[in-house]
Amino acid sequence: EDQVTQSPEALRLQEGESSSLNCSYTVSGLRGLFWYRQDPGKGPEFLFTLYSAGEEKEKERLKATLTKKESFLHITAPKPEDSATYLCAVQANGANSKLTFGKGITLSVRP
Amino acid sequence: NAGVTQTPKFRVLKTGQSMTLLCAQDMNHEYMYWYRQDPGMGLRLIHYSVGEGTTAKGEVPDGYNVSRLKKQNFLLGLESAAPSQTSVYFCASSRPTSEGTQYFGPGTRLTVL
Chain X
593 EDQVTQSPEA LRLQEGESSS LNCSYTVSGL RGLFWYRQDP GKGPEFLFTL
643 YSAGEEKEKE RLKATLTKKE SFLHITAPKP EDSATYLCAV QANGANSKLT
693 FGKGITLSVR P
Chain W
24 NAGVTQTPKF RVLKTGQSMT LLCAQDMNHE YMYWYRQDPG MGLRLIHYSV
74 GEGTTAKGEV PDGYNVSRLK KQNFLLGLES AAPSQTSVYF CASSRPTSEG
124 TQYFGPGTRL TVL
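Which chain is which? The protein sequence lines are X and W, in order.
Per our numbering, the very first residue in the first sequence carries number 593; after that it's consecutive.
Per our numbering, the very first residue in the second sequence carries number 24; after that it's consecutive.
Just chain X, with the same shape it has in the complex (with noise of 0.2 Å):
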């Protein structure tokens, strides 16, 4: 069965402080591995797609890494705007495969 646990569940960040979000899998075979921004009473925003090890992607203060076992989301100097829950959800290889999601990680950062 598909795992996905990220940590920590909350992070309260000062403005400017830089720091990771935590997402471990556990899948038989990854297709793909994908974070989500989701603000308070709306639906998850799609952020990045990361398909093998060592890949990165980035966006303005946000930038996804990936290895075997874990990916990171690395916020650097964030601003309140960034204050979101963040989502992690894999897929795993295979006819039918659907997304499995983690619980996510609420972010507040303070001006």
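Please keep in mind that the hints were generated in silico from the structure rather than gathered at the bench.
Treat the hints with care, since some could be wrong.
In the BS3-like style, the derived pairs of lysine-lysine whose C-alpha atoms are separated by at most 25 Å in a straight line are [what the hints assert, rightly or not]: (1) Lys-80(W) to Lys-690(X); (2) Lys-695(X) to Lys-94(W); (3) Lys-93(W) to Lys-690(X); (4) Lys-32(W) to Lys-695(X); (5) Lys-690(X) to Lys-94(W); (6) Lys-634(X) to Lys-690(X); (7) Lys-634(X) to Lys-661(X).
Dock chain W against chain X, hints included.
Leaving out everything else, chain W in the frame of chain X:
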């Protein structure tokens, strides 16, 4: 483009009542999904569809039915609502070649008393 829209935004039901949640997308996506999101549980897939006229069960299908009569619409039905179905329901859509890149609607908050 409106993207993915969901109707209604909020609903309160009594135990045993029925209702239908409507999802519509204007991106011509083949695949559509229904999820529920509960505190401490993360997003869980209820049912999905890989094309008009087709549906399949996800992780938590019991108590729900779905229909995909038109490519742009995906309906989620609760025939006899139970308090355990109190949740936030999200619809999403994607292209077949990039299932992990899903576009989500704004959600429906359902309370079953």
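**Item:** Hints not upheld, ascending by number
**Value:** 2 and 7
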